[in-house]
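> Note that the protein sequences, when read in sequence, are chains A, B and C. Mapped onto this note's numbering, the consecutive letters of the first sequence carry residue numbers 1 to 150. Mapped onto this note's numbering, the consecutive letters of the second sequence carry residue numbers 1 to 345. Mapped onto this note's numbering, the consecutive letters of the third sequence carry residue numbers 1 to 365.
Think of the hints as simulated: they come from the structure by calculation, not from any bench. Some hints here could point you the wrong way.
Straight-line C-alpha distance at most 30 Å; calculated BS3-like pairs for lysine-lysine [said to hold, decoys possible]:
#, chain 1, residue 1, chain 2, residue 2
1, C, 172, A, 116
2, A, 20, C, 181
3, C, 289, C, 272
Simulated restraints on C-beta separations [to be verified]:
#, chain 1, residue 1, chain 2, residue 2, range
4, B, 59, A, 40, 53 to 61 Å
5, A, 123, B, 11, 54 to 62 Å
6, C, 139, A, 149, 20 to 28 Å
7, A, 120, C, 170, 14 to 22 Å
8, B, 316, A, 120, 22 to 30 Å
9, C, 338, A, 95, 37 to 45 Å
10, A, 40, C, 294, 21 to 29 Å
The beta-carbon is built from N, C-alpha and C at its ideal position, and this holds for glycine as well.
So the chains spell out like this:
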Amino acid sequence: MKLKDLLLYDLIIGLLTSFKYLFRKKFTVPYPYKKLEPAPRFRGFFYLNPSTCLGCNMCWKACPIDIIYIESHDEQTPEGKRKKVVDRFDIDLQRCMFCGLCEAACPNGSFKLTLKTGFYEGAVYDRHQLYFDRYKLQNYVKERKEKKNG
Amino acid sequence: MNILILYIILPAIKGIIILSIILFLVAYATLIERRVLAFMQARLGPNIAGPEGILQPIADGVKLLAKEDLVPSSSQRFLHFLAPILILAPALVIFGLVPFGEAGNLFGILKQPITLYITDVNVALLLVVGFASLGVYGLILGGWSSNSKYSFIGALRSAAQVVSYEVPQVIALGSILLLASSLSLVKIVEAQREMGLWFIFPGFIAFFIYLVCGIAETNRLPFDLPEAESELVAGYHTEYSGMKFAFFFMGEYANMIVVSSVATVVFLGGWLPPFPSLKIWQSLPEIPIFWFFAKVLLFLFLYIWLRATFPRYRFDQLMDLAWKWLLPLSILNLVLIAFIKWGLK
Amino acid sequence: MLDVQELELNMGPQHPATHGVLRLILKVDGERIVDAKPVIGYLHRGTEKLFENQTYPMNVPHTDRLDYIAAATNNHAYCGAVEKLLGVEVPRRAKFIRVMLDELQRIASHLVWLATHALDIGAMTPFFYTFRERELILDLFEEYCGARLTLNCMTIGGVPEDLPEGWIDKLKEFISIFEEKIWDYENLLTDNRIWKKRTIGVGIISPEDAINYGLTGPPLRGSGIKYDVRRAIPYEVYPELDFEIPIGKNGDTYDRYLVRMEEMRQSIRILKQCIEKIPDGEIQTKGLKFIKPKPAEVYFSVEAPKGELGFHIISDGSPKPYRVRVRPPSFINLQALPSMVKGHLIADVVAVIGTLDIVLGEIDR
């Protein structure tokens, strides 16, 4: 039986380790009085301007859960070319897993479907509010952020 | 008339005051524990209910009062009702014996000095040990009346643990009896004042044994296997809800405060300042119960500190510790103290 | 006459200590355990059948949910298997990024293991200290790929995005913080006499039994056998990196604890080397927009924190796989539980479950 064991050296070291945390800064963030900002690449809620959508259906094909519903029809522009106009662009956010494959598949450059809105407080009382149609895709995040700040 | 006041009315008033102080301390011990434990774990504890969480025990109490009182259908209602009472009541009775301070004038309010304890029974230490062992009944009845395999196993383990750790505890207290030559708690404090030293200095082994046994008696980490969450869900109080569960909890904290109080009276000199024969204590103003409560709070902090740091012992290792290590150590300590006493003469 | 009966206890699916929905039927004689039988299937989600209905790139987010604590290694194993099927080579910079993500994930997974294992045995505070460090790792992941737990951080042919600005500096900061804090956990647990009493001699498995059961990962290395997929079947850039494989002596819980603590330190060492050696370059092989492999069969495995995680893929020439079979390390490690627990007390069952480090998402798929 070593002297260290007899004097309970190992127990005292453990006690001192937990004691020093009494006086250090605590790690808790008191949500909702103080909130952390998500990173720039954070995959939050959707944003899309449906009038700039090309209607190529690449996001629909890439989605693993098949929750994007797109309907479009063809129109003639004044120059005589054919253009696709999107009638219906719905995303069913109740089942979305925010994997980002649709965003990676969208070829539209700076107008693409994006998840990087930094919005994560998506709890609602009625889950049918989470079925995003054209209007919500464009405006939901903006409206919620304004309501929070204003 | 004098007898009426002295022996009936005055102790009754003192009893009510002490009981309310102790129940207040028991309720706020829960808050102290949660906050200090949280601080040691680098997080904040409950701080929303009231400033810094002062109203949290009241919120907990109201919540538990409003809960439905579930009794398992195949259990005996009377025993189910009796078990929490048997845990809390003996702990509260012991406070009638513990001396909080000596005769004081309460800042000159009263004309005559009154003693700050209810009675001075001359076998107080024996009574304390006796009442503390009544708590075992509450545990066993709690497990039995829940009519569930897990609770029963937890209750049996807890009863075995409490009974085994009482033996070294009583022998350690017996060595203090040798030093003080009296079983009365007030005379033990007086003996420490005469000696000029707290009894922790000659009897530090006894203090260590008493502390370890005290932690085991109250089912706290590192000896809390009977209520280990990860094994038996919650042991003997799994099936209790509402105010009965609150009683079990209050019983645990009341037992903690009892163990701390007895340890301060017997080992740390009760209401005496450290090294009571020093001259500087005469020049400072005497606050009657400051020293007592400071020491009790120190013990509570020690309990919480131990809970935050250590893992728990397995049951057979627990019993091993009691019978193979603490019991011989306490007997050796008794012999040692006898030698010290002989040497002091 | 008096008859001693064995009690049959059910450590049911809902229990604070089984790490997920695991059901154990214990046959107990007094306090000693005579037999333990795990019953699984409470978390079965039909993942392998799901893989057959979707194309190869669509399957990557579903592999995150297998071992939800260490998601990057799941992605890595699947993408590596498909790349082996197609016969493509990943660019060098992408290989380094994949190795860095893997090792960070290994540290994060071992931190969760330490937290829950210590909590089961009774020590409450390592839980909070380890989760504080895990927050820093999850913040790093969030900066890189946008999610904290279900990462989806690798694609077939490389990684989807390049490292953002300042990520490597944050990683260096994390490494310096972590090297101090790991001493906190060691001080609280490694020399503690109560911890040693609870873990030494508990759950012993001999080296022959370990090989016969097919255990991999720390349960195998704790018994003294030096098998690590990173050295045995090297992949990515591991042949160029310099690290050691810790092994134990006795095969009990304490040795497995020491093996995992040392693995965390070795991961830090690998991360430091990767930071120095990472080259510039591309991050994704071109030409993999539409994946349609030839009919073939392939098996690819990585060293996940819990053991050897492997994917066996059979393709039949169409864009969807014909059959995907996952080799989950926790499932195969769990079958050693009855032999490890025989003769111990009920209190040791939780310690043994904690030391095997099982995740029900992998076992049930």
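> Would you mind marking each hint as holding or not holding in the structure?
Status of the hints after comparison with the structure:
1. C/172 to A/116: Since the Cα atoms of residue 172 of chain C and residue 116 of chain A sit roughly 26 Å apart, the hinted pair holds (cutoff 30 Å).
2. A/20 to C/181: holds, 13 Å
3. C/289 to C/272: Status violated; Cα separation ~34 Å.
4. B/59 to A/40: 53 to 61 Å: Because 40 Å falls outside the window, the suggested range is violated.
5. A/123 to B/11: 54 to 62 Å: The hinted range 54 to 62 Å holds for residue 123 of chain A and residue 11 of chain B, with Cβ atoms some 58 Å apart.
6. C/139 to A/149: 20 to 28 Å: holds, 24 Å
7. A/120 to C/170: 14 to 22 Å: holds, 21 Å
8. B/316 to A/120: 22 to 30 Å: The hinted range 22 to 30 Å is violated for residue 316 of chain B and residue 120 of chain A, with Cβ atoms some 49 Å apart.
9. C/338 to A/95: 37 to 45 Å: holds, 40 Å
10. A/40 to C/294: 21 to 29 Å: violated, 41 Å
Figure legend: structure checked against the earlier numbered hints; hints not met, in rising order: 3, 4, 8 and 10.
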